[in-house]
Amino acid sequence: MIKKFNTIIDLINTFPDEEACIKHLENLKWGGNIISPFDPASKVYVCKGNRYRCRNTSKYFNVKTNTLFDNSKIPLQKWFLAIWIITCHTKGISSVQLAKDLGVTQKTAWFLLHRIRNCFSFDNNNVLNNEIEVDETYVGGKNKFRHICRKVQHSQGRSSKDKTPVFGMIERSGKLNAKKVNDVSATTLTKQIVSYANKDATIYSDEWLGYSQLTKIYNHAIVKHANKEYVNGKVHTNTIEGFWSLFKRGIIGIYHSVSVKHLQKYVDEFVFRYNTRKHRQDHRFDYLLTHMSCRMTYQSLTT
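If you're matching positions, the sequence shown starts at 1 in the UniProt record's numbering and goes up one per residue.
Hints are supplied without guarantee of correctness; some may be wrong.
[Stated by the list, open to error] Just the calculated beta-carbon pair ranges, DEER-fashion:
1) Val194 / Val231: 23 to 33 Å
2) Lys216 / Ile8: 42 to 52 Å
3) Asn198 / Cys88: 26 to 36 Å
4) Gln106 / Ile217: 42 to 52 Å
5) Lys278 / Cys149: 43 to 53 Å
6) Ile217 / Lys180: 19 to 29 Å
7) Val260 / Glu19: 21 to 31 Å
8) Ile217 / Asn33: 39 to 49 Å
Hint data in this document are derived by calculation from the structure and do not stem from the laboratory. Even for Gly, the Cβ is constructed at its ideal location relative to N, Cα and C.
Work out the full structure, taking the sequences as your base and the hints as a guide.
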């Protein structure tokens with residue numbers, strides 16, 4: 001039976017120890033039918049200490065094998081608390097604050113958060129239909145706010161010399177996709193849109209030339225921001241811009257600075273929270289736990 005918990009107090013009471021966490025993971029992952037990660041067709045023997053043995057490969061495993069929690073010395077209760085916090089806090093949580101909340105070092109909390117972020121990408125490749133808004137934003141700060149010795153010449157407007165572009169597309173009343181891109185040219189943006197938008201969809205965008213090819217493929221309507229036109233009937237990009245406001249407030253207010261290397265993971269984090277905004281807290285928590293088959297080592301994260 002899947003347990004219900006809607007507050008952090010409920011979470012702690014529901015999972016008071018390691019055994020309770022393991023049983024919940026086993027129920028979500030196997031539902032009573034244990035499957036070997038080494039050979040799904042193999043018979044499985046039950047061993048002591050929540051371990052199992054694959055008959056065909058003679059390898060031992062448990063519910064954490066080949067998942068986010070594999071070989072982690074951090075108790076599952078702390079993992080569960082971290083997952084709950086990062087999925088429930090609208091703008092995320094810093095590694096410094098999480099370290100204080102969990103009683104671990106900042107380095108451990110930073111690694112833990114990145115391992116969780118690495119699992120968010122599964123909900124950022126959605127096929128979109130009907131009415132779709134598209135827009136781009138930039139991460140990296142404004143040149144005018146930099147110290148004179150750090151200013152970058154000719155970086156105004158849509159220049160990506162000192163900033164990283166992120167492209168987003170959202171189905172109204174539906175899912176959102178957002179990706180870090182190398183540039184915002186027509187070739188790049190059209191490729192992104194064609195990859196995820198159904199051919200029968202209607203695309204709404206601003207007048208940026210990067211969307212100039214869309215009229216050949218889709219029903220495409222434009223709102224002219226340069227003329228201070230922000231809504232023209234059903235034509236607007238306010239929904240995707242609302243997401244950008246949440247994303248930017250999280251970057252500026254919580255994380256302060258994000259490297260280009262890890263930017264997509266932060267984007268995936270905000271996309272997951274947005275796409276699950278109508279879920280109950282425990283449903284969102286379990287939804288992520290069922291997509292934890294992605295392990296990341298500290299070496300791969302830092303090199």
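Each hint, compared with the structure:
Between Val194 and Val231, the C-beta spacing of about 27 Å keeps the proposed range 23 to 33 Å intact. Roughly 51 Å separates the CB atoms of Lys216 and Ile8, a value that falls within the hinted 42 to 52 Å. Range check, Asn198 to Cys88: Cβ separation about 32 Å, and the 26 to 36 Å hint holds. Under the hint 42 to 52 Å, the C-beta atoms of Gln106 and Ile217, about 48 Å apart, fit the expected range.
One distance hint, 43 to 53 Å for the beta-carbon pair Lys278 and Cys149, holds here, with the actual separation near 47 Å. Separated by about 23 Å at the C-beta atoms, Ile217 and Lys180 satisfy the suggested range of 19 to 29 Å. The beta-carbon spacing between Val260 and Glu19, approximately 42 Å, falls outside the hinted interval of 21 to 31 Å. Taking 39 to 49 Å as the suggested C-beta distance range, the pair Ile217 and Asn33 conforms, at roughly 45 Å.
Violated hint: 7 only; the structure is consistent with all others.
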